[in-house]
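Residue strings, one per chain:
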Amino acid sequence: MTDGAVYALETRGLSREFGGFFAVNSVNFRLARNSMHAVIGPNGAGKTTLFNLLTKYLPPSAGTILHDGHDVTRLSMPAMAKRSVVRSFQISAVFAGLTVRENVELALLPEHGLAWNLLGRISRHRGVLDRADALLARFGLSEYAETMAGSLSYGRKRVLELATTLALEPKVLLLDEPMAGLGHEDIGRVTQLIREAGRGRTVLLVEHNMNVVAELADTITVMVRGEVLAEGSYAEVSSRADVMAAYTGQAHA
Amino acid sequence: MTTILGVPSAVLYGQLLLGLINGAFYAMLSLGLAVIFGMMNIVNFAHGAQYMMGAMGAWFLLNYLGIGYWWALILAPLAVGAIGIVIEMLLLRRLYKLDHLYGMLLTFGLALMVQGMFSDWFGSSGQPYSIPQALMGGSHLGFMFLPNYRAWVIAASVVICLGTWYVVERTKLGAYLRAATENPMLVQAFGIRVPRMITLTYGAGVALAALAGVLAAPIYQVSPLMGADLLIVVFAVVVIGGMGSIMGSILTGFLVGIIEGLTKAFYPEASTTVVFVVMAVVLLIRPAGLFGSKPEAAQGQPQSSLSAPAPSARTQSLIFLTVAACLAAAPIIVYPGFMMKAMIFALFACAFNLVAGYGRLVSFGHAMFLGSAGYVCGHVAKIWGLPPELAILAGTATAAVLGFVSGWLAIRRSGIYFAMVTLAFAQMVYFVALQAPFTGGEDGLQAIPRGMLFGLIDLSRPANLYTFVLAIFLGGFFLIMRLVGSPFGRVLKAISDHDARAQSLGFDTSRYKLVAFTLSAALAGLAGSTKAIVSQIASLTDVHWSMSGEVLLMTFLGGVGTLYGPLVGAFIVVAMQNYLAAFGQWVTVIHGLIFVVCVLAFRRGIVGELIEFWHRRRRAPAATQAVLRKVAVATKE
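Protein chains in written order, with my numbering: chain V, 11 to 263; chain Y, 3 to 639.
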């Protein structure tokens with residue numbers, strides 16, 4: 011097997027049934043390495059279900075999921091994170107009871123061998139502190155370092171979530187509607203952060219905002235009724251009549 | 003005489019009938035719990051007390067007003083249901099937007115208050131209630147004798163269960179109810195008055211419990227605590243069946259009753275624990291319960307966590323040293339016996355807080371660790387004659403193992419289910435302690451020797467004993483402080499905030515929960531072992547559910563999730579026990595009242611509120627300045 015034939019993530023006949031309804035129906039999906047890949051589709055197309063299957067948040071009803079050519083269908087979410095596949099959540103997921111700095115430090119613990127340190131103090135570990143500082147600075151969060159994450163604005167929570175996710179330096183980054191709930195002023199900024207984050211890693215995002223998809227993604231998969239309808243570049247996909255039909259009424263640039 | 007598998011057939015049928023009767027009550031009570039939970043997302047911990055009120059009501063009607071059984075069957079449920087409506091309107095209504103655990107805590111407080119008041123009034127011993135004239139006697143069925151009253155109870159309960167099922171699942175009213183469960187806002191928008199519907203549902207659920215109570219009065223003794231122990235079994239039934247379906251509750255209730263009856267016939271020693279064993283097996287195979295299709299109910303607003311960051315390491319050490327110095331000096335002015343008792347309970351509460359406060363795993367069964375460690379420690383010291391350090395080690399290790407096993411099963415569920423599962427396991431441990439040969443049953447283990455610590459220090463000397471308890475408390479507290487402040491503590495807190503997110507960052511969250519639970523159990527065991535050495539007694543009190551309630555009380559009163567809250571709470575509760583002992587049962591009523599007030603008015607607890615107050619005051623000047631500036635600008639314009 012040559013390296014080029016192996017995908018960062020690949021599904022074969024992947025299905026998920028909810029009481030007789032197939033939200034995802036026998037999908038063969040491939041996420042090429044180092045690509046910036048977007049999954050789009052009208053509401054109820056099965057994007058989020060596919061995403062939750064890929065990130066092991068839901069178990070599949072049938073089919074297999076491969077990561078770097080290895081079968082990972084039965085692995086748990088933490089096990090995927092250990093394989094450097096990390097996801098974000100649609101409803102911004104920060105640890106509300108921890109400060110901004112503590113949120114970022116948390117993600118750095120496993121790498122520094124501190125995940126199971128029961129009696130030590132994080133403040134004694136210069137390496138964690140320095141990297142947390144660097145991440146906070148890079149994401150413009152330094153001045154909020156000691157703020158409780160729960161009291162941040164929605165946009166900043168998103169940025170914090172991204173910072174926490176990237177603290178793991180994941181090889182594969184899965185973003186669930188990163189722009190959901192963001193105001194205009196934040197969208198440009200988060201788009202820029204995702205673009206930067208995408209350098210040298212594989213990114214999959216589920217997104218409704220077509221401007222963002224057009225700007226970021228090199229490959230786009232269109233899902234309709236649990237199945238893949240089309241795949242290609244933005245220009246290819248947006249010129250297809252069936253895609254337009256599925257999307258009628260949906261605003262796009 | 004015919005026998006079946008070595009058991010006389012008459013005995014078998016008799017036990018089966020008894021099982022069916024018990025099952026009828028499990029079914030009626032778990033049905034009411036399911037209806038209330040489905041509508042309001044509240045686990046009605048007062049359900050047992052309301053059942054008892056039904057039976058008591060019937061007893062009072064008969065003995066004071068001369069009103070007989072048939073009228074009681076109508077009047078008692080109506081009266082208790084009306085009380086339920088008042089409770090909903092005054093208290094429960096305020097909790098709907100909060101974490102479901104608060105509903106459980108508040109109704110637990112109500113149950114304590116009601117049981118305490120009735121115990122004071124009625125005495126805690128049972129009173130008989132005679133079977134109504136019309137249902138006296140019985141009939142020979144050939145293979146067994148069937149008392150008429152028992153036949154009536156089974157028939158009535160089946161009718162009640164199926165009637166409730168019919169109303170909820172097959173009528174228009176039931177359709178509204180189910181719709182309001184799914185989406186109250188939408189149903190409200192259709193012009194249906196959802197709040198009133200909720201009130202009436204609670205009233206109906208409570209009336210159902212009281213009706214079961216009246217039915218039970220002639221079978222079981224009428225006593226203030228008749229509902230408490232029954233409710234714990236019903237919780238186990240609820241975990242086995244899952245609260246998602248009405249029919250599921252009914253079937254599981256009868257099924258569990260029959261299993262119990264069969265066990266009583268074939269292996270009577272296990273009859274009190276078999277329900278909990280079944281629960282454990284179901285948790286292993288089908289964690290959601292036999293009929294549980296509904297996913298774990300979404301959590302409401304999480305507990306009001308502190309909006310203040312933790313103080314610096316230096317401040318923390320300073321506070322710790324001050325507290326240590328105060329505790330060391332305290333015997334000069336305070337009775338040392340009180341101090342030792344308070345410190346032991348404080349360690350117990352701090353251990354509980356490790357999981358309840360930082361891991362948000364609120365256990366309702368922590369007494370099992372305190373009590374079982376006490377028994378083992380006492381046994382090792384008294385019967386085996388080993389020195390106190392080994393006895394304490396053995397007790398602590400026992401609690402740790404028990405914590406590991408029960409935690410391994412319990413963390414499959416979260417929130418209120420976790421609370422019910424831990425409560426049920428603790429009840430199982432209680433029954434084992436009641437029956438096991440080495441615990442001394444009702445008397446407990448007495449005259450446990452204090453012995454020579456490390457063969458050098460004579461613990462029977464008061465000064466030595468005090469120093470020893472102080473050292474154990476400070477050591478345990480210091481360990482907890484370090485755990486909370488460590489990377490592990492950080493992960494634990496993160497998991498309690500957002501479990502799935504912690505998993506996505508690569509943390510195996512159930513392992514963290516299990517380690518935290520085991521550590522908490524071990525430290526609770528350390529407290530229990532020390533208690534056995536100090537008090538020289540290991541008794542059933544320490545494994546009883548009321549002890550699990552007490553540690554909840556200490557922790558929530560002092561401040562759950564704060565380092566020193568449990569310490570403060572423990573001192574207050576122990577002081578109350580010491581100085582209010584003359585009030586007898588009213589202490590229980592006060593405990594219940596504190597729960598209610600805590601849940602309604604100050605959920606952060608004493609220490610939590612103090613921290614909040616402190617931080618608000620520090621922030622206040624800046625805010626006031628800003629407001630003044632705004633006012634100045636506004637007046638200029």
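It is worth saying that the hints were derived from the structure and are not from the lab.
Treat each hint with caution, since some may be false.
Derived CB-CB ranges, DEER-like [to be verified]:
1) V:GLY29 to Y:THR324: 55 to 63 Å
2) V:GLU195 to Y:PHE615: 54 to 62 Å
3) Y:LYS99 to V:GLY29: 47 to 55 Å
4) V:HIS218 to Y:VAL169: 42 to 50 Å
5) Y:ILE194 to V:ARG148: 49 to 57 Å
6) V:SER36 to Y:LYS99: 38 to 46 Å
7) Y:THR324 to V:ALA147: 35 to 43 Å
8) V:ALA147 to Y:THR469: 46 to 54 Å
9) V:GLU195 to Y:VAL169: 51 to 59 Å
10) V:THR74 to Y:LYS99: 55 to 63 Å
11) Y:ILE194 to V:ALA147: 49 to 57 Å
12) V:ALA147 to Y:GLN318: 27 to 35 Å
By construction, the Cβ of each residue, glycine as well, lies at the ideal position given by its N, Cα and C atoms.
Just tell me: holds or violated, for the beta carbon distance of GLU195 of chain V and PHE615 of chain Y against 54 to 62 Å? For PHE615 of chain Y against GLU195 of chain V, whose Cβ atoms are near 36 Å apart, the range 54 to 62 Å is violated.
Can the suggested window of 49 to 57 Å be confirmed for the beta-carbon pair ILE194 of chain Y and ARG148 of chain V? holds (53 Å)
THR74 of chain V versus LYS99 of chain Y beta-carbon gap, inside 55 to 63 Å or not: violated (43 Å)
Is it true that the C-beta distance of THR324 of chain Y to ALA147 of chain V lies inside 35 to 43 Å, as the hint says? For THR324 of chain Y and ALA147 of chain V the Cβ distance comes to about 38 Å; the hint holds.
Can you let me know if the beta-carbon spacing of ALA147 of chain V and THR469 of chain Y is within 46 to 54 Å? At roughly 51 Å between Cβ atoms, THR469 of chain Y and ALA147 of chain V fall inside 46 to 54 Å, so the hint holds.
Just to be sure I understand the hint, the distance between the Cβ atoms of GLU195 of chain V and VAL169 of chain Y should be within 51 to 59 Å; is that true here? holds (54 Å)
Would you say the C-beta atoms of GLY29 of chain V and THR324 of chain Y sit inside 55 to 63 Å of each other? Hint holds: Cβ distance 60 Å, inside 55 to 63 Å.
Lying within 47 to 55 Å: is that true of the beta-carbon distance LYS99 of chain Y to GLY29 of chain V? violated (30 Å)
Range agreement (Cβ of VAL169 of chain Y with Cβ of HIS218 of chain V, hint 42 to 50 Å): holds (43 Å)
Pairwise beta carbon distance, ILE194 of chain Y to ALA147 of chain V, judged against the given window 49 to 57 Å: holds (54 Å)
Between the beta carbons of SER36 of chain V and LYS99 of chain Y, is the distance compatible with 38 to 46 Å? holds (42 Å)
Range hint 27 to 35 Å: satisfied by the CB atoms of ALA147 of chain V and GLN318 of chain Y? Check passed, 28 Å falls within 27 to 35 Å.
Comparing the model with each earlier hint shows violations of hints 2, 3 and 10; every other hint is respected.
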